[in-house]
Amino acid sequence: MPGTTTDRLLRAALYVKGLDGAVELLAGGALLVVGARELGGVTRAVVAHHLLGSPDGALAERFAAGEAHLVGSDRTFAVVYLVLHGLVKLGLVVALLREVLPAYPVAVAVLGVFCAYEAHGAVTRGSWSLGVAAVLDLAIVVLVLREYRRLRSRRRRAGGRAPRAG
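One point on numbering: in numbering that gives the first Met the number 0, the residue at position 12 of the sequence shown is 11, and numbering is uninterrupted.
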């Protein structure tokens, strides 16, 4: 990727997505090995120490409700989701940073699905954070498409093989 501002923005966005994927992968692994008792203890400690504001506040209540779901039947879904989501993100980030041309349409499709899910959640749940995530993912889609077109054009000019950026 050359050194233009948009190229640097794409690279920065990819690093953030990669970090996000790594955190999801680690969280899924941690959730897999941490038992219900430990998870409940963490929740009680966070709420009791006012780390989320008032123990009776909306954020503390949401945190406790999320923990209750993870102790129940949603735990397996959460582990599988976090691990797969993290692996897909990391794989796509590595492929895009290495300029693997077939990964670009896959990344656009995956990010498009993320955008649709986030936009749907923003509208149905009134979640401003999902709305922001959708807008950011849409901006990344635009940057990925731009880079894909640039790489394809460069490959055609080079006779079918795009030279790697240093």
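Calculated from the structure, these hints are not laboratory results.
Nothing here was measured: the structure is a model prediction, and the numbers come from that model.
Take the hints with a grain of salt, since some may be wrong.
Label pairs and their in silico Cβ distance ranges [as the list claims (entries may be wrong)]:
hint: 1; residue 1: GLY40; residue 2: GLY120; range: 23 to 31 Å
hint: 2; residue 1: ARG154; residue 2: GLU37; range: 48 to 56 Å
hint: 3; residue 1: GLU37; residue 2: GLY2; range: 24 to 32 Å
hint: 4; residue 1: ALA115; residue 2: GLY2; range: 26 to 34 Å
hint: 5; residue 1: SER53; residue 2: TRP127; range: 19 to 27 Å
hint: 6; residue 1: ALA115; residue 2: LEU30; range: 21 to 29 Å
hint: 7; residue 1: ARG149; residue 2: GLY125; range: 36 to 44 Å
hint: 8; residue 1: VAL22; residue 2: TRP127; range: 15 to 23 Å
hint: 9; residue 1: GLY34; residue 2: TYR80; range: 37 to 45 Å
hint: 10; residue 1: PRO101; residue 2: VAL15; range: 45 to 53 Å
hint: 11; residue 1: ALA35; residue 2: PRO104; range: 37 to 45 Å
hint: 12; residue 1: ALA26; residue 2: GLY120; range: 30 to 38 Å
hint: 13; residue 1: VAL32; residue 2: VAL99; range: 16 to 24 Å
hint: 14; residue 1: LEU58; residue 2: ARG36; range: 46 to 54 Å
Note that CB positions come from ideal geometry on N, CA and C, so glycine has one too.
Here's how the hints hold up against the structure:
1. GLY40 to GLY120: 23 to 31 Å: Because 30 Å falls inside the window, the suggested range holds.
2. ARG154 to GLU37: 48 to 56 Å: Once the Cβ atoms are compared, 51 Å apart, the range 48 to 56 Å for GLU37 and ARG154 holds.
3. GLU37 to GLY2: 24 to 32 Å: With Cβ atoms ~47 Å apart, the hint is violated.
4. ALA115 to GLY2: 26 to 34 Å: 33 Å Cβ-Cβ, so the 26 to 34 Å window holds.
5. SER53 to TRP127: 19 to 27 Å: This hint holds: roughly 21 Å between Cβ atoms.
6. ALA115 to LEU30: 21 to 29 Å: 26 Å, holds
7. ARG149 to GLY125: 36 to 44 Å: 38 Å, holds
8. VAL22 to TRP127: 15 to 23 Å: 21 Å, holds
9. GLY34 to TYR80: 37 to 45 Å: 19 Å, violated
10. PRO101 to VAL15: 45 to 53 Å: Violated, since PRO101 and VAL15 (Cβ atoms, about 23 Å apart) do not stay within the stated range.
11. ALA35 to PRO104: 37 to 45 Å: 42 Å, holds
12. ALA26 to GLY120: 30 to 38 Å: Hint violated: Cβ distance 19 Å, outside 30 to 38 Å.
13. VAL32 to VAL99: 16 to 24 Å: 33 Å, violated
14. LEU58 to ARG36: 46 to 54 Å: With Cβ atoms ~23 Å apart, the hint is violated.
Hint violations for this structure: numbers 3, 9, 10, 12, 13 and 14, all remaining hints satisfied.
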